[in-house]
Amino acid sequence: MGWRVAGRAQPVTLWRRPGAISALGLALAIGLLLLAGGAIAALMMAAGAGSGGLSTQAAAYIRHVTLLTFLQASLSAVLALSVAILVARSCWRRAMEWRARYLLLFSFLPVVLPTTVAATGLIAVWGQSGFVSAMLTAAGMPPLRPIYGLGAVLLAHVFFNAPLMLRVLSGALAGIPAAQWRLAAQWGLSDWQRFRQIEWPALRRVIPGLLALVFLLCFTSFSLVLMLGGGPSVTTLEVSIYTALRFEFDMALAGRLALLQLVVCAVIVVLLTMVTGRSWSGGAGHAGRHVTQRGDQGLAARLTDGVVIGGFVVLAVVPVAAVIWHGIGPHLGTILAWPALWQATVTSLVIAIVSGGLATGVALVIAAARTRRFGAGLAVWPLDLSISLYLAVSAIVLGTGLFILLRQVADVFALAPALVVLGNMLVALPFAYRVLEGRLSSLATSHDRLCASLGIRGWRRFRQVTLPALFPELGYAAGLSSALSLGDLTIIALFGSQQFQTLPWLLYQTMGRYRAAEAAALAFWILGLTLATFAICVLAARLAGRRHHA
Amino acid sequence: MRSFLTILTAVAALLLSAGTALAADRPVLTIYTYDSFASEWGPGPAVEEAFEEGCDCDLQFVALDSSIGILGRVQLEGSSSKADIVLGLDTNLMATARETGLFAPHGTKLEGRTSLPVDFADDMFVPFDWGHFAFVYNSETMAAAPSSMQALIDSPDDLRIVIQDPRTSTPGLGLLLWVKSVYGDKAPKAWAKLAPKIVTVTKGWWDAYSMFLEGEADMVLSYSTSPAYHIVVDGTDKYRAAAFDEGHYMQVEVAAMLKSAPQPELAADFMDFILDDGFQSVIPTTNWMYPAGKAGIPEAFSGLITPAKSLLFTPEEVAQNKSAWVGEWQGALSQ
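Keeping their order, the protein sequence lines are chains Z and S.
Going by our numbering, the first sequence wraps up at 731, each residue one higher than the last.
Going by our numbering, the second sequence wraps up at 1212, each residue one higher than the last.
Derived by calculation from the structure, the hints in this document are not laboratory data.
You can take every hint at face value.
Residues from chain S that face chain Z, not an exhaustive set, calculated with beta carbons under 10 Å:
id : residue
1  : D912
2  : A940
3  : R950
4  : Q952
5  : L953
6  : S958
7  : I1040
8  : T1045
9  : A1072
10 : I1075
11 : K1080
12 : W1083
13 : E1091
14 : G1092
15 : Q1207
16 : G1208
Owing to the predicted nature of the structure, the values given are computational and were not obtained by experimental measurement.
Each residue gets a CB set at the ideal place from its N, CA and C atoms; glycine is no exception.
Use the sequences and the hints to build the structure in full.
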């Protein structure tokens, strides 16, 4: 792509030579592809090494688990969407009120909230000795049944995904031109008519992508199902892979299930990229102008919105509040005296920082290489593929592949620290990449002409022009990937042991022992560390950016 | 990038060395066992102290989160395993374990040293304790417990029980075999009828028992000897084991040494030590089981139920049928 720059006779091709960064990016991408390829090859070999064909019993089991996972993921996605649409509409109607705005701000939390912490909070609210049961008993009613099972898993999935959907749907509603709202107000459209004529066309554009994304997240759900599923009746393919590998040591079954999972996820990822551009990655959106509609101030509308928003608060906010409420107490002192806590804290922080830093670094190099190769008209598909592959290769599939691959040459449990870092880094990579790549390509478009005319290029351009503008995204990517690693219960479930524990693993064990008070304190500790890690990354990047500008 | 990799390697090395740096001079005997055995409340600390008195060595327990997981772990590690001994398998797993070819004969004389209710003669496994599986309940919140497996299965579905996974936990496997020995081919039907009462299936015994004590279930699969713990430690007899008319499945817990043991002499010494008083005398009041050797049984055990009939499959029967029976169980529970 050449730009004709005023004042010069020759067309200036900005990235005629792709340069060192492109080579490095390409090398990293090839490394990532080889790694995934190696893991998949190991799975295929393990799957083939099984004693011939499947027994009918095993085949029936695999069918059953696949069906159950489909059902669960579909239900989760549809439920979360229904909740999110209701709440998004109510919030939009009450956009002028501060509470609704805080709720939207809060809806960011599930992105970084560790699953173990969420499970603790959900049990504190919906468990047999939880908040809701206590209210029921006080009102003279019987307490809730034990929550373990499909109900608990759906609840947890709605808890995690409805806020995510809410953000995107709110953005879509805010993006409707104010003129349409004014017309609706003039014509006095009823609530239902407004929804059909004005809101639905806007929502419809983001819904397929949202559904596909949440379906993918719930289809690959592991730790929530492990913690809340309550045994073999509720499972996902991911959990079955884990039990086959770590419970039954059945490499052939684990390999087969992992390949099945891989194929399904790959199909969903392809569908996801087909139905969406980048719509689902949209942020909270900038609140557009709100035009008061007929009936908005009426008692019925206020009541409905109150119930909807109140219900959402119980669903999404109260569990987090419960973790804080139960967590701050004398038991915080108890757990702070555990040597295991400090060991796990150090381990978790080191893993989070190293894998978060690595994910950001690798994402940055590949994103920079992509921008540059794109500018030079070179193929970028190996770079794209190397990243999106890790959306389809879930943590469990990857870990299982690595496990099978490495056990032939080394002691997997001795390598555990390095494997956990590697696994977490790969899982965070697509998210970090998405954040950085979008910003880098838009920066390239806006800076290309200027830099070319000033003759700033290469490393100098990166340091002086690109980096300062990129700091916020770097901080966000590092914070996000560190927080994800800090909360991970998936990779550690494969490679962890009593000798190598992280904080979520310690919490999972403590929950298993039903030491509720200690578990709550531990959940609070993890929540605090996660938020602090995320905040420090974001703030440090902001500070660094500011210093650069000064 | 390079500095990241350097940090990564350094961290990995640091974490690895931390575990081994402690006892560099004395030879280390490594024993893989299940979590509750190695915990501060289990037999681990007392056994370690007693054995270390007679050797210039450092006994280290590696706690795994379930009993069957011990076997899987050494299978995964193969001959590169650091373990000298595995402790916490049971008779049901003996044939399977023998087939792996990972274990070595113990060379210990068992004859005349055991007090098991069954004949036990094996050149590879040494028994360390035994007991009967039983459902334990709180007599203060549950006035009458079911008096048979059938009565349990026929109980209304609001009875909440918690059990262990037969793929990871020897009690879980024990219950599977218990139901199988009572119902035979009709076991899947029995499981399907039991399923609605199962609150959750845990990975190991400890998780299930903790859940029961927290009041999240009415009954838990444990041992007929579990109430003795509450009598001795908590001073209460409110926890009882339900006696079942059909009889109770029995468990003999065993240990074995690995062919690849890094410390074969120490391992052989320990295998012999298992039936000594130093090991056996701590079993009743720490692992809350009957000692396999000739050790005294505390007073608190006298009030416990004594099953009229003991049920037990041979190790070979279990090895042959385990995967089919576990498949049946899985199928019945996931309806």
